[in-house]
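**Student:** Based on these hints, arrange chain S on the given structure of chain P.
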Amino acid sequence: MSVPLITLLGRMTLAFLESVGAVTTFAMQAVRYALQPPWYRQQILRQMLEIGYYSLPVVGLTAIFTGMVLALQSYTGFSRFSAESAIPNVVVVSLTRELGPVLAGLMVAGRVGAAMAAEIGTMRVTEQVDALTTLSTNPFKYLVVPRLLAGIVTLPFLVLVADIIGVMGGWLVGVYKLDFNDIAYLRNTIDFLQFQDVFSGLVKAAVFGFLITLMGCYHGYNSRGGAQGVGAATTNAVVSASILILTFNYFITEAFFAR
Amino acid sequence: MSRKISLKGVTKSFGPKRVLQGIDLDVARGESVVVIGGSGTGKSVLLKCILGLMRPDSGSIRIDDEETVGLGDNGRNRVTRKFGMLFQGGALFDSLRVWENVAFGPIQSDGMAADQAHEVAIAKLGAVGLGPEVGELFPAELSGGMQKRVALARAIAREPEIIFFDEPTTGLDPIMADVINNLIVKSVSDLGATAVSITHDMASARKIGHRIAMLYDGRLIWQGPTSDIDRSSNPYVDQFIHGRAEGPIQMQVRSL
Numbered sequence: 610m611s612v613p614l615i616t617l618l619g620r621m622t623l624a625f626l627e628s629v630g631a632v633t634t635f636a637m638q639a640v641r642y643a644l645q646p647p648w649y650r651q652q653i654l655r656q657m658l659e660i661g662y663y664s665l666p667v668v669g670l671t672a673i674f675t676g677m678v679l680a681l682q683s684y685t686g687f688s689r690f691s692a693e694s695a696i697p698n699v700v701v702v703s704l705t706r707e708l709g710p711v712l713a714g715l716m717v718a719g720r721v722g723a724a725m726a727a728e729i730g731t732m733r734v735t736e737q738v739d740a741l742t743t744l745s746t747n748p749f750k751y752l753v754v755p756r757l758l759a760g761i762v763t764l765p766f767l768v769l770v771a772d773i774i775g776v777m778g779g780w781l782v783g784v785y786k787l788d789f790n791d792i793a794y795l796r797n798t799i800d801f802l803q804f805q806d807v808f809s810g811l812v813k814a815a816v817f818g819f820l821i822t823l824m825g826c827y828h829g830y831n832s833r834g835g836a837q838g839v840g841a842a843t844t845n846a847v848v849s850a851s852i853l854i855l856t857f858n859y860f861i862t863e864a865f866f867a868r
Numbered sequence: 054m055s056r057k058i059s060l061k062g063v064t065k066s067f068g069p070k071r072v073l074q075g076i077d078l079d080v081a082r083g084e085s086v087v088v089i090g091g092s093g094t095g096k097s098v099l100l101k102c103i104l105g106l107m108r109p110d111s112g113s114i115r116i117d118d119e120e121t122v123g124l125g126d127n128g129r130n131r132v133t134r135k136f137g138m139l140f141q142g143g144a145l146f147d148s149l150r151v152w153e154n155v156a157f158g159p160i161q162s163d164g165m166a167a168d169q170a171h172e173v174a175i176a177k178l179g180a181v182g183l184g185p186e187v188g189e190l191f192p193a194e195l196s197g198g199m200q201k202r203v204a205l206a207r208a209i210a211r212e213p214e215i216i217f218f219d220e221p222t223t224g225l226d227p228i229m230a231d232v233i234n235n236l237i238v239k240s241v242s243d244l245g246a247t248a249v250s251i252t253h254d255m256a257s258a259r260k261i262g263h264r265i266a267m268l269y270d271g272r273l274i275w276q277g278p279t280s281d282i283d284r285s286s287n288p289y290v291d292q293f294i295h296g297r298a299e300g301p302i303q304m305q306v307r308s309l
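Just so you know, the sequences run in chain order P and S.
Just so you know, we're using the numbering used here here: the first sequence kicks off at 610 and counts up by one.
Just so you know, we're using the numbering used here here: the second sequence kicks off at 54 and counts up by one.
No lab work stands behind these hints: they were computed from the structure.
Please note that the accuracy of each hint is not assured.
The calculated lysine to any residue pairs, modelled on SDA-like cross-linking and capped at a C-alpha distance of 25 Å, are [what the hints assert, rightly or not]:
#, chain 1, residue 1, chain 2, residue 2
1, S, K70, P, A631
2, S, K239, S, L225
3, P, K750, S, Y289
In isolation and in its complexed conformation, chain P is listed as follows (with noise of 0.2 Å):
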């Protein structure tokens, strides 16, 4: 071996910490910017369309057999000590704490942040961001601040639909399948409901939002070289937003409710 082990480690830490710097500051200068105007409100809309919209049959179909498949499984589980009426509650738990706002926002990172990467990159390697600059229009606030913003805002409202329709799956899987009482089911569910477990949920879905809009929109941004330098940074912002998303959402979870 030509390169010693422990030199390769270090190597590799300090690629990770520089990447690390690299993100930090480029989010901090996004921030910078959201806060002073001018707000391009067009450009807002357009990414909210774009990423809540055009989301909503796939994260729909996501959640309709993760609830699907959430009751069908617990029921085995529980049935095996007679618990079967706690299922409706471990379906709505489930969805709104974990499953909804993580499954929703891997399915946008896999949509959403790939477009984002793959258009900024693009604009970035055929010089479309520095005509933005020659043309007095700052490149951050015109892509970089509209898409984070949208991300924030949308992905809450997203989830909110997952949950529902979630639920619902949830519910003709036990009405139609496991022979509950769909009004019980129901009251079932919203009973033991508590406000924390939709609300810690949409927080999440609003962090992980800007997680995967920044990873698009910083991938992109940074992109070089033509095609292959588009496809790899495609690639880094599906790969980064989702390990970010899932390791985020241990960390949230654990602010909410660790005692």
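**Tutor:** Just chain S now, with coordinates in the frame of chain P:
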């Protein structure tokens, strides 16, 4: 002679690669200067430094006698307002229609109303020989020559004091290249603008430049009036303008 642009000792390195090694260049008001040089000699980097897209490692860049290196956001905006830029590949925004591209500066940066900006855009498209119907198309629907024209219309839409041209004729056939050259000469003189172009197309350089400067190995090794280019008695310049493979400039290629 009043200086519009003045560069002193500008250097820029990327890692160990020293791209610009002390550039001195003065451009007078209303003058058109063409910087020639081979691929990879730092022409684009020079242009990006003047534009403020890159920050030089050292040296001074003065626009209208105002130092622009290290300028903050507000000052930079004020200086950028004087600039128009024609990018090599056009760099048109492909998500916007042609007229929205041309009207981008007036609408987004100068706050002009959309219908008024539309009229300006149609007028500027007319100035580069494109009809109003082109305005409704998207950039991807245009040929390379038409894209260059639209990019030129966008560069002059805000009637800038200084216009930069990055390889304006690259990728065009000789006839279309001459059309673009004529348009550049015409729009620069109509606006009374100062122009800085970079190119390796000698026909283009002779046509649009009052003065030519040659960049080689990070330095401007020759500059003078366009009419003097053929009697520069500089072996580097001679090799370049006649396009000879043999001479003092050695390309970094392995021999066959």
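**Student:** Which hints from the list above does the structure break, by number from lowest to highest?
**Tutor:** 3
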